[in-house]
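Chains A and D are the protein sequences, given in the same order. Each residue of the first sequence is one higher than the last, beginning at 1 in this note's numbering. Each residue of the second sequence is one higher than the last, beginning at 1001 in this note's numbering.
Careful, some of the hints might be misleading.
To be verified - Taking CB as the label site, the calculated pair distances span: (1) 240(A) - 1017(D): 37 to 43 Å; (2) 1199(D) - 121(A): 54 to 60 Å; (3) 1138(D) - 140(A): 55 to 61 Å; (4) 196(A) - 1182(D): 49 to 55 Å; (5) 1182(D) - 69(A): 56 to 62 Å.
Stated by the list, open to error - Computed from the model, here is a short list of chain A residues facing chain D with C-beta under 8 Å: (6) 59; (7) 70; (8) 117.
Everything labelled a hint here was simulated from the structure, so no lab data went into it. Backbone N, C-alpha and C fix where the C-beta goes; we use that ideal spot for every residue, glycine too.
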Amino acid sequence: MALLEMTGVRKAFGSHVVLRAVDLEIEPGQCVVLIGASGSGKSTLLRCVNLLETVDDGVITFEGRDITDPRMDADAVRSRMGLVFQSYNLFPHLSVLGNVTLALRKVHGVAAGEAEERGLAMLARVGLESKAAARPDDLSGGQQQRVAIARALVTGPGLMLLDEVTSALDPELVGEVLDLLGELKDDGVTMLLNTHEMGFARDVADTVCFLHDGVIHESGTPAQVLDDPSQERTRAFLSRLRA
Amino acid sequence: MTQVPAPAAPNPWQPSPVQQERDAWRRRRAVRSGSVAALSTVLLVGLVGTAVVTSPGWQRVQETYFDWDKAVDSFPAVLDGLWLNIRVTLLCAVLIVALSLLIAVMRTTRGPVTFPLRLLGTAYVDVFRGLPLLLVIFLLGFGGPALNLSGLPRSALFWGCSALVLSYSAYVAEVFRAGIESVHPSQRLAGRALGLSYGQTLRHVVLPQAWRRVLPPLMNDLVSLQKDSGLIAVLGVYDAIQRARVETSLDFNYTPYVVAGFLFICLTVPMARATDWFARKQGFHGAGGML
């Protein structure tokens, strides 16, 4: 059974229908990349999966349970997922280590000492153990984003959601974050992300999904979707990117 | 008249059975939450009410503070006094905004030439924010007329209002200053880069943004001023509280004070709701509005 399964997911804001009927499956260990024009609903889709938005219709199952059921405890679902934002959203009043250990201590009830240990190990994983005591504002954008990834990853989530995590970064900082994501993929972390980095999609993704007009217009391996798209819309979108 | 057929919906979407079941569950839960809220409210109010009414001294308290006939008798006089409070509030509010804006601008100037302005502004705020309002009213209310300044009226009302304006301006100036300083420095730079002078940048770029940010806390101060306008009663001005005191002194029945209190609440509650509404309309979600 798939780790995450979306069936006929619909989300509208007022009369503006963003997602019409989205079907999507993610197997454990897979990296699924959403591509599509600005405003095509990529971020909305991630927010629906994280239950930050309530779907208007359709079913999302995660780890075998229907998480769109209103009886579901949204906090429990979210504690099994990691979400990383475009603008990092680190807590400026906490140290780097404080950011990484907050959920461990307050949500997962891990004792302070062990949380610190796991936090430091995770910071070492993203190459920032020397910055544990620093404040987020003292770090570069790329470092902040790596801390944000560590913060999401430290609780051992079943699924990582990454929302345009390199869009706010200077070009020379994009690489360090994308390299980290590639390593995580090799470690077997399941990821659903949206990005404009087609090179990353080509190198790392198992599946690329083109979101257009509120549905997954085309999906397949990076080679199929990016190099030999079967849909006219996909071709048009990709050619605009290359232009 | 011809019937225009309704245009077909572009997305003829009907909720699926799953969604219908969810919606029904949410409706049921809303009804249940509403019932629980209503029940707990009735219970709490009932308990507190019973505790008060069954207390041993309730009979006397009711006669002294909640005498209906006395309330009706004193109502016109207190209401008449309240009209003075309203006028005092409105006049003082305008003066306070003008004075405090001046102080705030003085305190946010830069450069060595304007140092005396900053010093003056800071000293003013320190003094009047530190003095209890009642004390300022006493000092000005009784000391002001004794000065015999030519050209200034000697009425208690004038000096009472002056005390309110001086005291409140110190607070409101700090609100304005916080607003001015909350506008990002890059906005000033952008203004100066266009060739606007310091004053023009302040007038056309900084203050309009600062003003919008501080309006909700300013309205909070206005609500506060509304009720503090009653403090000038200590100077013998015939406002709502003074009129209530006169009514009370006839028979030592304190109901007119309750009437005055009720009228003040009637005045401030709409103002407070308006403040809430305005703050919401401005979308005060803080800076973290984007995901």
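For a quick check of understanding: which of the numbered hints are violated here, in increasing order? 4, 5 and 8
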